[in-house]
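Peer 1: This is what each chain is made of:
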Amino acid sequence: MGIELKEITQKYGDLIAVNNANLFIEDGEMIALLGPSGCGKTTLLKTIAGLLPLHQGSILSNEKDISNLPPQARNAAMVFQNYALFPHMTVAENIAYGLKINKCAPSLIKKKVEEILDIVELPGLNQRKISELSGGQQQRVALARALVIEPAMLLFDEPLSNLDQNLRVSMRRMIRKIQQEYRITSIYVTHDQEEAMSISDRIVVMKDGVIQQIGLPGEVYLNPRNRFVAEFMGTANLLELNEDDEIIQLLECGRWASSRDNCPGGESNNRQKRYLLFRPEDVEVGAEGNFEGTVIWHETIGSVTRVSIDFAGNEIIAEIRNYYKSGINCTIGEKIRFNIDLAGDGHIVPD
Amino acid sequence: MQSRQSFIFKLFYILISLTIIYFVLLPIVSVFVYGLLSGSGTDLSNQILPRIWKYMKNSLQVALFVTVIATSFGLLASITLWRVNFWGRKLMQVLVLMPLISPPFVGTVAFIMLFGKRGLITHSLLGLEISPYGFHGIVTMQSIGLATLAYLLISSAIRKTDVSPEEAARNLGAPEKKVFLTITLPLMIPEITVAAMLVFLTSMADFATPIIIGGAYQTLASDLYIQITGLYNVQMASITGIFLFIPCFAAFFIQRHYSGKNLVYSQYVSPERIEYQQVKPVVKFMLIGLSSLFVIFVVFQYAFIVIGAFTEHWGYNYAFSLRHLENILNKNLASFVNSVKLAVTVGFISSLLGVLLAYIIKTKDYPLTRQLDLVVTLPAATPGILLGIGYLVTFRYPLLGIGKYVLPGFEPVILLGTGIIIYLICIYRYIYIGMKAGYALMEHVNPNLELAAINLGASERRVFFDIMFPLLKPAFNAAFLKNFTSTMTTLGAIVFLLLPKNKVAVQQIFQIMTSSEIGAAAMMALLLSLLSLVFLAAFQLLLNYEEIFKRLREGRQWVSSLRK
Numbered sequence: 001m002g003i004e005l006k007e008i009t010q011k012y013g014d015l016i017a018v019n020n021a022n023l024f025i026e027d028g029e030m031i032a033l034l035g036p037s038g039c040g041k042t043t044l045l046k047t048i049a050g051l052l053p054l055h056q057g058s059i060l061s062n063e064k065d066i067s068n069l070p071p072q073a074r075n076a077a078m079v080f081q082n083y084a085l086f087p088h089m090t091v092a093e094n095i096a097y098g099l100k101i102n103k104c105a106p107s108l109i110k111k112k113v114e115e116i117l118d119i120v121e122l123p124g125l126n127q128r129k130i131s132e133l134s135g136g137q138q139q140r141v142a143l144a145r146a147l148v149i150e151p152a153m154l155l156f157d158e159p160l161s162n163l164d165q166n167l168r169v170s171m172r173r174m175i176r177k178i179q180q181e182y183r184i185t186s187i188y189v190t191h192d193q194e195e196a197m198s199i200s201d202r203i204v205v206m207k208d209g210v211i212q213q214i215g216l217p218g219e220v221y222l223n224p225r226n227r228f229v230a231e232f233m234g235t236a237n238l239l240e241l242n243e244d245d246e247i248i249q250l251l252e253c254g255r256w257a258s259s260r261d262n263c264p265g266g267e268s269n270n271r272q273k274r275y276l277l278f279r280p281e282d283v284e285v286g287a288e289g290n291f292e293g294t295v296i297w298h299e300t301i302g303s304v305t306r307v308s309i310d311f312a313g314n315e316i317i318a319e320i321r322n323y324y325k326s327g328i329n330c331t332i333g334e335k336i337r338f339n340i341d342l343a344g345d346g347h348i349v350p351d
Numbered sequence: 352m353q354s355r356q357s358f359i360f361k362l363f364y365i366l367i368s369l370t371i372i373y374f375v376l377l378p379i380v381s382v383f384v385y386g387l388l389s390g391s392g393t394d395l396s397n398q399i400l401p402r403i404w405k406y407m408k409n410s411l412q413v414a415l416f417v418t419v420i421a422t423s424f425g426l427l428a429s430i431t432l433w434r435v436n437f438w439g440r441k442l443m444q445v446l447v448l449m450p451l452i453s454p455p456f457v458g459t460v461a462f463i464m465l466f467g468k469r470g471l472i473t474h475s476l477l478g479l480e481i482s483p484y485g486f487h488g489i490v491t492m493q494s495i496g497l498a499t500l501a502y503l504l505i506s507s508a509i510r511k512t513d514v515s516p517e518e519a520a521r522n523l524g525a526p527e528k529k530v531f532l533t534i535t536l537p538l539m540i541p542e543i544t545v546a547a548m549l550v551f552l553t554s555m556a557d558f559a560t561p562i563i564i565g566g567a568y569q570t571l572a573s574d575l576y577i578q579i580t581g582l583y584n585v586q587m588a589s590i591t592g593i594f595l596f597i598p599c600f601a602a603f604f605i606q607r608h609y610s611g612k613n614l615v616y617s618q619y620v621s622p623e624r625i626e627y628q629q630v631k632p633v634v635k636f637m638l639i640g641l642s643s644l645f646v647i648f649v650v651f652q653y654a655f656i657v658i659g660a661f662t663e664h665w666g667y668n669y670a671f672s673l674r675h676l677e678n679i680l681n682k683n684l685a686s687f688v689n690s691v692k693l694a695v696t697v698g699f700i701s702s703l704l705g706v707l708l709a710y711i712i713k714t715k716d717y718p719l720t721r722q723l724d725l726v727v728t729l730p731a732a733t734p735g736i737l738l739g740i741g742y743l744v745t746f747r748y749p750l751l752g753i754g755k756y757v758l759p760g761f762e763p764v765i766l767l768g769t770g771i772i773i774y775l776i777c778i779y780r781y782i783y784i785g786m787k788a789g790y791a792l793m794e795h796v797n798p799n800l801e802l803a804a805i806n807l808g809a810s811e812r813r814v815f816f817d818i819m820f821p822l823l824k825p826a827f828n829a830a831f832l833k834n835f836t837s838t839m840t841t842l843g844a845i846v847f848l849l850l851p852k853n854k855v856a857v858q859q860i861f862q863i864m865t866s867s868e869i870g871a872a873a874m875m876a877l878l879l880s881l882l883s884l885v886f887l888a889a890f891q892l893l894l895n896y897e898e899i900f901k902r903l904r905e906g907r908q909w910v911s912s913l914r915k
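Same order as they appear, the protein sequences are chains A and B. Numbering of the first sequence is given in the working numbering, commencing with residue 1 and proceeding in unit increments. Numbering of the second sequence is given in the working numbering, commencing with residue 352 and proceeding in unit increments.
By construction, these hints were calculated from the structure, which means they are not laboratory data. Heads up, a few of these hints could be off.
[Said to hold, decoys possible] Selected chain A positions facing chain B (in silico; Cβ < 7 Å): (1) Leu51; (2) Gln72; (3) Met78; (4) Ala84; (5) Phe86; (6) His88; (7) Tyr97.
[Unchecked claim] With a straight-line Cα cutoff of 30 Å, these simulated BS3-like cross-link-like pairs (lysine-lysine) come out: (8) Lys441(B) <-> Lys901(B); (9) Lys713(B) <-> Lys511(B); (10) Lys901(B) <-> Lys110(A); (11) Lys511(B) <-> Lys631(B); (12) Lys713(B) <-> Lys11(A); (13) Lys361(B) <-> Lys11(A); (14) Lys129(A) <-> Lys901(B); (15) Lys103(A) <-> Lys361(B); (16) Lys111(A) <-> Lys129(A).
Only a predicted model underlies this, so the values are computations on that prediction, with no experimental measurement involved. All C-beta atoms, glycine included, are put in the ideal place defined by N, C-alpha and C.
Just need the whole structure built from these sequences, with the hints factored in.
Peer 2: Structure follows, in structure tokens:
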């Protein structure tokens, strides 16, 4: 089921939580709403579910206006952040709740509950109390409870934020697998860039209630539209450009000087700050590098070592793969040589 | 979502608000109106004020002494019974709670038996002709009774304190004394001030103890009682009531304002048992000694009530006798039945209304919820006897009091003088208990639960009955048990409104005591306490039957697994 959001604005009193949001979600697509806390992503999600009254704009489902439908009639099952499982019911009762509301036959309910428990890999836990489940199990019951009513769309509100790292990774694979298998149109709210990139077909980045960019995960990562998106999507080296593009000359990548127009939004307002963007993996540390800087700090997290380099007053973060075998020596305060790979487009971003 | 269900909630909210204004706010306002407006303005300064001033001084004197003593003992007992390890601690934890199930002035029965004009100790043993009546007697009796109340609140605080700040302080090198004074005690300040405030209010509102053992030393509350029952001077009583109300109201709101924490009926008890490992023996023995003294006082009260209940004629003939029991079974049985009927009905209705109201105030976006909350809580600050006066002056007229203005020619007594009025006053007086219990519980309920049910297609009615109602049941249960015991032992609010046909046991005890029939009073107090105890146990079973059945089932499974 395709969903279209048209010019949606939501307010809490005077505070604008969502400002003129427009978005089209294809049938069977998984969209990630990504942004820091307070950016309006959960508000937008609850608006789609009908749990918050719509202030302005409209929501269309298969070109039909559902803006005024009560939440009960939207068939948009939600997976909540703290799971919102009913603590006084068993696992089976929790999952069966939506089916009972829709007056499903008891024998069918039983069958469906069993089936869905198999799908979320919790067979045999029907009669468990919610308090007897681990966080990961609770998360899967919440997913099952939403899936079992065969919703037209699935809404996820940071469903994995209470789980530990390993569980988060395996759960997000399970969610993605089920979502793709059943082709359920889904919206996934998260503040985790890695989760958003790995789980979704497209990413919507939000800040202060405003949609900053909509695009494929790779697009948003490689061609962020502004400084905020660049910094939110992983680690970014952003070197501020002055009128003379001093940095560009310094880095000997003159071809960028003429491409000021490449900068989205840059042409409209020349006074806006502009930055040269490259990612840590674009920086290649090695003795044959063209540039020289001083090591400020470095940290090794296993496969990768990050080095912060002071280069003519700018801090540049570089990534070294396989540091222990690379023969490179990072010592704080020592000089280090590096190259920057600036192939590709869109390396200048506005503020 | 403008459905029929939300209409029902709105209707309930409007109706409950109106009746709360009618049965809580109006009577209190009436006391002011009646006391200040019905003529004789000149008398006020010349005759009435000096008289009231004397009683006000007595009231405040007693209340301040009692507050300090009872709160200190409550704190002391809380620390000793929950933080110091010694033999017999478990037993003392139970014994110390005994006064909760009996009317507040039961202790006075024992006091008179021991220290009265023909008391066992003062008269029979020491042969003294002294009178214990007066200030010291009132302070002693109230302190013993109310220390239990203070203990209940403070011990719940000490049991649910977070251990980590204390551990951090020890880790930073603070000695135990310092840990207690700088960490434990400040963290308990909200509960201690709540306890002190409640002790103060209860002492101010207690008219029975001064009447029984005050002698010439009377307080505002007891004077108010005398004004009505002795002289039927309602206007004088109303003026006294105003002066009684002011310090109570002030204490309540000052406490509420400064500690910013309301009475919380928390079910949460810290899983970690904390005990002081290194207490100086001197301190330990002092703590245990003082707490034991307190517990012994409590136990003695009950021991002597039991003895007195079966004694032919206390002070004159100490032979064993079943005379009092027979008398009561023949004459006063109806009052016990009335007490139970009243307590069960009030417990059920007021707890249900309170929890429902908490649910509506917290989840629905209705207007004026803050103001309603304030009015509902008002009875917590209002002495029962004052509310009783309010009902007396408000509902003397037909059509629930409105008749005074609409139908001046009607029969003067309508609501007043019916059996319903004591039910109404108790129900509306205790709604706040259920409401606070509901609030406390809802703070622990994930607010997304309701949204989750709505999201799965549940209607507003189903959300309430499937999700919120079962979750709020513990709040209802707690409020029910509390309201049941409070109503069983309440006197002030209903003493003016009772009729011969619906007299209750507490009032009977009080009347018998004022006529100095100690044996009969002891027997009635004993029976009432036992009755409360039996009913409380029965309700505990009833309210927790699921849990108990589950335990039984588990136990059986365990036994059968052992056989295999």
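Peer 1: All hints, please: hold or fail.
Peer 2: Going down the list of hints, with the structure as the test:
Interface restraint check: Leu51(A) against chain B, minimum CB-CB distance 5 Å, threshold 7 Å, status holds. For Gln72(A), the shortest C-beta to C-beta distance to chain B is roughly 5 Å, which falls under 7 Å, so the interface hint holds. With its C-beta approaching chain B no nearer than about 5 Å, Met78(A) sits inside the 7 Å limit, and its interface hint holds. Interface hint at Ala84(A): satisfied, since its Cβ lies 4 Å from the closest Cβ of chain B, which is below the 7 Å cut-off.
Because the beta carbon of Phe86(A) sits about 6 Å from the nearest beta carbon in chain B, less than 7 Å, this interface hint is met. The closest approach between the C-beta of His88(A) and any C-beta of chain B is roughly 5 Å, which is under the 7 Å cut-off, so the hint is satisfied. Here the hint on Tyr97(A) is kept, as its CB sits about 6 Å from the closest CB of chain B, short of 7 Å. The straight-line distance between the Cα atoms of Lys441(B) and Lys901(B) is roughly 26 Å, inside the 30 Å bound, and the hint therefore holds.
Taken as a hint, the Lys713(B) and Lys511(B) pair is honoured in the structure, with Cα atoms around 25 Å apart against an allowance of 30 Å. The straight-line distance between the Cα atoms of Lys901(B) and Lys110(A) is roughly 24 Å, inside the 30 Å bound, and the hint therefore holds. Using a Cα cut-off of 30 Å, the hinted pair Lys511(B) and Lys631(B) holds, with the two alpha carbons roughly 25 Å apart. Annotation: proposed proximity of Lys713(B) to Lys11(A) holds, straight-line Cα distance about 21 Å (limit 30 Å).
The straight-line distance between the Cα atoms of Lys361(B) and Lys11(A) is roughly 25 Å, inside the 30 Å bound, and the hint therefore holds. Between Lys129(A) and Lys901(B) the alpha-carbon distance is near 13 Å, which keeps this suggested pair within the 30 Å criterion. Taking the CA atoms of Lys103(A) and Lys361(B), the gap is near 28 Å; set against the 30 Å cutoff, the hint holds. With a CA separation close to 20 Å, the supplied pair Lys111(A) and Lys129(A) stays within the 30 Å bound.
Hint compliance for this structure: every hint is met.
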